[in-house]
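Using the hints, position chain X against chain V.
Line by line, the protein sequences are chains V and X. 0 is the number of the first residue of the first sequence in numbering that gives the first Met the number 0; add one for each residue after it. 0 is the number of the first residue of the second sequence in numbering that gives the first Met the number 0; add one for each residue after it.
Hints may be right or wrong, so weigh each one.
Said to hold, decoys possible - Derived EDC-like pairs: lysine to aspartate or glutamate, alpha-carbon spacing no greater than 20 Å straight-line: (1) Lys95/X with Asp295/V; (2) Lys510/V with Asp74/X; (3) Lys95/X with Asp497/V; (4) Lys79/V with Asp108/X; (5) Lys510/V with Glu86/X; (6) Lys172/X with Glu417/V; (7) Lys172/X with Asp509/V.
Worth flagging that the hints you see were computed from the coordinates, not collected in a lab.
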Amino acid sequence: MKRLPSAWPISVAAFLLWSLLLSACTFSGAVPSRPSPLEIRVFAQQDAAQDLRTNGFTRLLEDRFNVRFVWQTVPYEGAKEKRQISLAGGQYADAYILTSYIDQFSQADLLRYGKQGVFYPLNDLIANYAPHIRAAMADNAELRELSTAPDGHIYGLVGYNDCFHCTYPYKMWINAKWLDKLGLAMPETTEAFKEALRAFKTRDPNGNGIPDEVPLSGSTEDFGVRIVPFLMNGFVYDDDRTYLRLAGGRASLVADLPAWKEGLAYIKSLYDEGLLDPGAFTQTADALKKIGENEDTQILGAAAAMHPDIFVGTGTDNRRGSDYRPVPPLRGPHADYAVYQGGGDFAPGAKFVITDKASEAARIALIRMADYMYTPEGQANAEIGREGVDWRKPLPGERALGPGADPVFARIPARDGEPPDNEGWGGMGHFFMPKSYRDSWVQSDDLYAPDGYERRLYEATRLYEGRESPELYPVWSVWIDSAVADEASVLQTNIKNDIDQYALQFITGDKDLDKDWNDYVAGLRRIGVDRYLQIMQTAYDDRQVRLR
Amino acid sequence: MSRHSSVFRRFMISYIVILIIPSIAGYMSYRTSISVTRSVSIENGVTLLQKSKEILERRMAEVEGFTRQLAINPDLNVLMNEKPAGEQANVYGIWKMMRDVLSFGQTNDFLQHFFIYLGNYNVVLTPGSAYFRPEHYYESFKYADLSLAEWKQKVLGQTHRSEIMPLRPFVSKGAQTSVVTYMQSLPLDSFNGLSPAVAVVVIDEETIASLLSGFTDRYGGWAYVSDAQGRLIGVRGMDEAEAARMNGDGKLDPSLVSQYYGDDLVITIRSAANDWVYRAGIPRQTLLENANKIKFITWTVTGIALLLGLLIGILLSYRNSAPIHRLIGIMKEQFGQDDGASRNAYDFLHGNIAEVITSNKRLESELRRQRPLLRDAFLKRLIAGEFQTRDEIWAAAAQADAGLAGASGYAGILQINGYAGMDSVDILNELSASRLLLKQALLERTGDVHTTDLGSDKIVLLFVPRSETAESVEASRASIAGQLAELAHTAFEAYRISVTVAMGDAFDSETEVSASYEQAKMTLEYAQTASRSGILWYGEIRMSSATYYYPLDTELRLIGTIRAGEVEEAERIVQAIMVQNAERRDLSPEMRHQLVGELKGTLLKLLDQKAFQESELFEAVKDRIIGIQAAEKLETIRTEVNDVIASLCAQINSRKNDAHTRIVEEIKRFVGERYADPDLTLYRVAEHVERPEKYISQLFKETTGTNLSDHLEQVRIHRASQLLRQSDRTVDDIAANVGYNSSHSFRRAFKRVTGVSPSNYRQSPHD
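Bound-form chain V, shown alone:
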């Protein structure tokens, strides 16, 4: 009887044990194949019709730079307060990408947060990872000055928009169709303007027999839609920002001058006659547009706006866009200024900052994204949208906006009334639009065609060009000393609030111009106008020294 060799069962057992172990270990997780996208939290304002999460340009950036945005969005309404609250919480995002004309960080904010270390200085990042930004800064002195704080750090990027028509934001547009219908000429004085408005209200230019016309309206927002500055400039130079003027190098307030009072009286007279839409002081530009685009009949007579599209549709198939013509600066009893906001649409401050919450990889990714938007194509994608959908390459024979410039981009205009297609970031995407960029867009010669819009604005601005006051305070090139920046910004805010509030009250009759004027002036003094003047004077003097 032959016995089994004793090695056999042991090897079988070993094999089985091994397979047992193998099967028990098959539940380890799968190994990822490519690095997962970097998560970056970004704070941004988002319009109601926008969805940044699914936005086409967001997707483009996410794919291109292998990131994933985690959005902290706030609506346009109350954006400023929400931004301020967000920083106070301590749980703020990795970066802020703001829409500069809705709300952005002021210079004071930059200095304050920069010194605290909350904002990460971009100098090294730009030097190492952003060749286009570096080149732009080197070539463009204004950009450099605007971006660089006195201590040499760049704490944030401005929305550089070398936009000619943006330098004269406070334009007035009047319904020329109605003027023609009523046989009126383009008004040139404040009184003539009042007459025209009166005619709009009483003589039923839209012909429906109902006195539903809104002679003049505006809005509360920033892009030239406030009505007070345009009208006040017939009396005294109102830059709607500093409320200062420089006479012989000395700064002084304009908002407590008698001319100011006269201007308020004028506007009050418009309001008392019902020529002024009450919504002008309370509504968003959206509501203003609703008036301009009123469903059945045209009811808007005149509107203050940087450009007509703010209050009326100007795209393809628009009904009334061509009806509105720019009103040249009105001549009032003391002045006929146009408000000039230097430095293009470069509101000083920053719309793009990187906070200390961002990881190193996030910082590099963000600056590279900004750099991408400093290229013309990147900028076009960011601002306008997708190639082939919102813009296209120019066809032969098309002319660019700038005289002598080569056309590079051409807009595909949206159909009127259609919801926006969520392809580009719009105003949030304004990073670097120098004159060369803007001039390279195709513009038709027909001012009232959708693709001739820029040219129309260009021509309109020419009415305002050079009409600014020689005594204006060049706030865009003045950096307030960081030591007093906080104080200055608080003062500025309070003073502006006060001035605006009182202006509204005086206009609507809530306060009496005669009785309460002194209170108003005293009130201004009380909230620190003198100190404000002092700071602004010092800042201006420093600027003079620097420029010399």
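Okay, now just chain X, sitting in the frame of chain V:
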């Protein structure tokens, strides 16, 4: 392998049964863990839904709280109760209110979109914008299924108390969505009629649905919330039509917290506060994910373990059943049974072992029965003087259980008088009875006597007092004499039996018993011839006989002894004859002549055997025998006779030795041939040489000086060392080759014999 089936099967079955027990236990725990996993998953789902419900309720409570805050805002109170002065609205008041409400709702995303409608001014006041034309507001933010007029009437025109409009499609600046609307008229206590203001909060369904996203993200399921009337508040993971359908589906029992519906586990919770129904569905797949993982692992691991256990079971069964089969094999061989394996192996073993035991017992009882006969035979041999050495006598005495208590004593013969020559059956019976009586009577008196019958009327007596009773020879003789006298007296008185006892001289060693017996015989003879009765002692008789003493049976004994080759015994007999003739009798020369002649004749007769005729010594010995001179002294004659006897015996012995040697040679040859067979036992060797086992074992040892088993071992180890040196085979191989079943025992044996282990032996240099 068929021989193995039954025992092997039994072992296998028992091992399998053992395996089944933990398997069952494992199965039960597996089932438990599966059900626990499932219920844990369900619990998790319920908890998640409850959390979502809590958050939703809290947010809604905040919304309600917000409207309360508005209600107590003094500026708003003033504003909404103002009477409009002419056409103009209180622009400043509205502007201020607008800025004030901006701070509300920063923290709760449910309050992202709300407005206050002021009836007195017909203004829709939103944070950041006041619409003096509500229709313009409605153009931007409208319900897809309500016209402007309907909205004005339904929302702005009615009073609402914490009213919630369920989900409806909504268009917000061109973007399609769905919203839930919360409406509260201000002040809070407006009932019928118009209230001055309405606070309306528009909640995007996305914000509600994001609370339910736990179910879609984690489980891949769905969830929805509906109000008490079954209208949707929020939904995630399925579209609204489906949700509405499910709400109305009768198959779903609304009271069950968890139930199966289609492919999903549906969890339903009802809110205690407002009766809203929260329902979520988790696909069965996901629920069972963990359970399936457990299942898979359990089956795999258990399967492999069972397989392993089975294989080990087979192996062990094999190993455990093998020894039993070997036992059975041996049994079958020994008993020559060739039954097939159909019988139960254990019964087989049991039966055979029982048989063996029974046979053994039988043999024992047989042996016991035979004992008296053995004893008798022993005594007869003893008195006949057949034993050469004391050791032989002891061995034989022990085997026959004769129990000689001492080494010295007296031999005697007791004759029952009066029956000489009669031999009819009755006489024989009578004699037999007498003998019995006498023996009994004697045994009653003393236990130190052994008896055996001689003929029909004589009894041989052997008095062997115990060695402890250190009596002198004289004393014992006296007591024996006394006992015999008593016996004779009693026999005559009681039974009229007349006896004559003839006693020989004392012997002081067992080997001298026969001599004492001979003396007793002679004494009896004398008693008969001299018609003496009673007790006679050898020393008392005077044998002045003129004839020589050389009885026939002595001569026969001598011949037999020489033929057996037993030199010493032969010499002793010769010595006894000489003693008898020299000391006890006074032989005349003629008598001496006769004696010597007869002795010579005896030797010649011996020589005339086949055994000696062929020997070359024949002539020489014959001459020597003839050469014995009768005239010489008895002493000289004795020496010569002894010489002859010595040669004759040597011859015999050498032949015997030859035979022995031949056997041993054959054994050696056989072993040398068959050493490789592990079943080479003593039994087989004995079988082969046709001698008993004990015989060959003793013979081998005597001849060669080694045990047979030791010899076998040495043969095997020698061969093994050869193989180790000369071949490359493995140690185990070699072990099997030289006849070892177990390589372990081989190694042990090798080391025992050579002093080193096999592997070391292989590695060390040899010469």
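Against the structure, the hints:
1. Simply put, Lys95/X and Asp295/V have alpha-carbon atoms about 32 Å apart, too far for the 20 Å limit, and the pair is violated.
2. Proposed proximity of Lys510/V and Asp74/X is supported: the alpha carbons are some 17 Å apart, at most 20 Å.
3. A distance of roughly 12 Å separates the Cα atoms of Lys95/X and Asp497/V; the hinted pair therefore holds under the 20 Å criterion.
4. Straight-line distance between C-alpha atoms of Lys79/V and Asp108/X comes to about 17 Å, which keeps the hinted pair within the 20 Å bound.
5. Of the supplied pair hints, the one linking Lys510/V and Glu86/X holds, its CA atoms being roughly 18 Å apart against a limit of 20 Å.
6. Under the criterion of a C-alpha separation no larger than 20 Å, the hint pairing Lys172/X with Glu417/V is consistent with the structure, at around 10 Å.
7. Distance hint between Lys172/X and Asp509/V is unfulfilled; the C-alpha atoms sit about 34 Å from each other, more than 20 Å.
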